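Asks: Sequence:
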Amino acid sequence: MARLDPHSYNDSTQPETETLDWRARVDFKTQRLHAEVTHTLKEASAGPLDLDTRDLEIRDVVDAAGRPLPYILSPSEPILGSRLRIELPVGLRQFTVRYRTAPHASALQWLTPSQTAGGKHPFLYSQCQAIHARSVVPLQDTPRIRIRYTASLRIPKALKAVMAASFLRREEHGVEAEEHYEMPQPVPPYLLAFAVGSLAPKELGPRSRVWAEPELLEDAAEEFSGVDDMLRAAESLFGPYDWERFDLLTMPPSFPYGGMENPRLTFLTPTLITGDKSLVNVVAHELAHSWTGNLVTNASAEHFWLNEGFTVFAERRILEVLEGPEVSALHGALGRRALDSALQHFRAHPQLTSLRTHLAGVDPDEAFSQIPYEKGYLLLRAMEDAAGRPAFDEFLRRYLATYRFRALTTEEFVAFAEKELPGVLTKVDAEAYLHRPGVPPGAPSPRSLRLEAMDALRGKVPTPEQAKDWTPAEWQLYLESLPWDLPRDVIQQLDARFSLTESRNSEVLVAWLVVALRAGWEPAVARTETFLGEVGRMKYLKPLYGVLSASHAHRSLARALFKKHGERYHPIARQGVELILSRA
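First residue of the sequence shown: 11, per the numbering used here; consecutive thereafter.
Think of the hints as simulated: they come from the structure by calculation, not from any bench.
Bear in mind that the values here come from a model prediction, so they are computed numbers and not experimental data.
One should not assume that every hint holds.
Computed list of lysine-lysine pairs in BS3-like fashion (alpha-carbon distance at most 25 Å, straight line) [to be verified]: (1) Lys429 / Lys478; (2) Lys549 / Lys287; (3) Lys212 / Lys170; (4) Lys39 / Lys574; (5) Lys130 / Lys167; (6) Lys39 / Lys573; (7) Lys130 / Lys212; (8) Lys573 / Lys549; (9) Lys574 / Lys130; (10) Lys429 / Lys549; (11) Lys552 / Lys574; (12) Lys549 / Lys574; (13) Lys39 / Lys212.
Construct the complete structure from the given sequences, taking the supplied hints into account.
Replies: Dropping the structure here:
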């Protein structure tokens, strides 16, 4: 027996699934999916086959002729869920599992009409990363095993189902409709994604459209109208786009992430809609995943930096093409701030600050941080500096071509880099990035004239003239550089001069609220109360609940707000906030 992924029951000596045919009926009343999935194996086999499940009610397992197959659903284990062991007879290549999901399935969020923009129809969406696909489908839930699939969703006729897959057709049956999809490229299971709700599309370009609730559609289309330019810029850097379409789905406010790179249909938080396109770098990040993550994938969560470090590097290269090196450097400076904060957060668990982690017994959601993103980016930047940009760009293209539609480990990356860029890993001390905590002292630092101007203002209140052309990144850098013991009158002066408490840009607003709450600025308390009822993005929830719960004056308010709004948050976000409150 060989379990190569500590977060999966998958045994590498057993056969692998090649394709899935998934059929599900969406029941908003009971908040369940009534489903069946047919697995087709890469080759006929016999003996035990282990699948990952979480809180699934298994009804039966049958072969292609409908004959029952013996199976055992083991008791649930922490993190992993329950192992479904199926005994395969000699020569079997296809079998079907009939089951239903739990109302509290960790990958699904069921929203009532009042939790949507339109207020008339319910909404359902999935979020399967990192190991939540097993709460929706019994399968080998490891990114090491990529699958193709077909799918059909039966839904109320008034609603629309969208999937991160190619649309085939819609059929209507009385009060229900059935939507059919196909994913022709092999994907890791965490990229299985769908949503059901009152949704409408608008074309953005020949390969892209945006989906949103009708009430948000025009604003979303305007905000993301430059996506085709971004797609062309990415292709010029990384080669042809292999997924045919790059559509976008504007999610409900409870979506816990800025974006999720589901191929063919990226999910995006509505907090990106600011009216000035100032946060579309998140779209660049999710687009970059089309190459780094979706096309070439980490073999398990222990190698997560291979997804995110590469993607941050690619995102900033795209930004450099579209907006220039000064803007890219600003985002690099913000990233270094986020990295330093994450290193401080994990100071009691320094082993989690290495890029190559060992996560047996550790929930990947609890280990999640900016470290694989930003420390991984620094390693790649160091390699680029050492090799020279032209040579590194060639290396990156060869890397993507070599591992296209495959998954790999850190060790495989190291072997490839040693072969393609001899001596570079030693030159940059890659060992320190990969296997030691913290950041190596010689790590690259962003440099630009705009960053120098920001440094000159450290601790001072800028004049309207000085700040008139600041980007959100510059505001964040400025606000995050303010001292913790900032006098209340300085806070008052900043708010009077720049109306920061009323900012429409969520990145700026949250950076400001953290500073203002620490200083006891009362208007910030009321704005925080409102904001925490409007959003579910973890990037915003964690710092705001964190600063509230760290204050004796506001600790009870933090608990009251979570009690009031917690049910609106995604289960992954709820878990994160509960952890913060438990430590207060």
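Asks: Take a quick look at whether Lys429 and Lys478 sit within 25 Å of each other, Cα to Cα.
Replies: Violated, at roughly 49 Å.
Asks: For a C-alpha distance cap of 25 Å, please report whether Lys39 and Lys212 respect it.
Replies: violated, 30 Å
Asks: Do the alpha carbons of Lys552 and Lys574 lie within 25 Å of each other, as the hint requires?
Replies: holds, 16 Å
Asks: Taking 25 Å as the top limit, are the C-alpha atoms of Lys39 and Lys574 close enough?
Replies: holds, 23 Å
Asks: Assess, step by step, whether the Cα of Lys549 is no farther than 25 Å from the Cα of Lys574, and give holds or violated.
Replies: holds, 19 Å
Asks: Quick one, are Lys212 and Lys170 close enough, alpha carbons at most 25 Å?
Replies: Given that 25 Å is the threshold and the Cα spacing comes to 14 Å, the pair holds.
Asks: Between Lys130 and Lys167, is the straight-line Cα distance small enough, at 25 Å or below?
Replies: holds, 14 Å
Asks: With a cut-off of 25 Å on the C-alpha distance, tell me whether Lys130 and Lys212 pass.
Replies: holds, 21 Å
Asks: Please work out if Lys429 and Lys549 have their alpha carbons no farther apart than 25 Å.
Replies: Violated, at roughly 38 Å.
Asks: Hinted pair, alpha-carbon criterion (25 Å max): Lys549, Lys287. Please report holds or violated.
Replies: Satisfied, since the Cα-Cα distance of roughly 19 Å is no more than 25 Å.
Asks: Given the proposed pairing of Lys573 with Lys549, does the C-alpha separation stay at or below 25 Å?
Replies: Cα-Cα ~19 Å, so holds.
Asks: Please verify whether Lys39 and Lys573 have alpha carbons no more than 25 Å apart.
Replies: holds, 24 Å
The structure is inconsistent with the numbered hints 1, 10, 13, although it conforms to all the rest.
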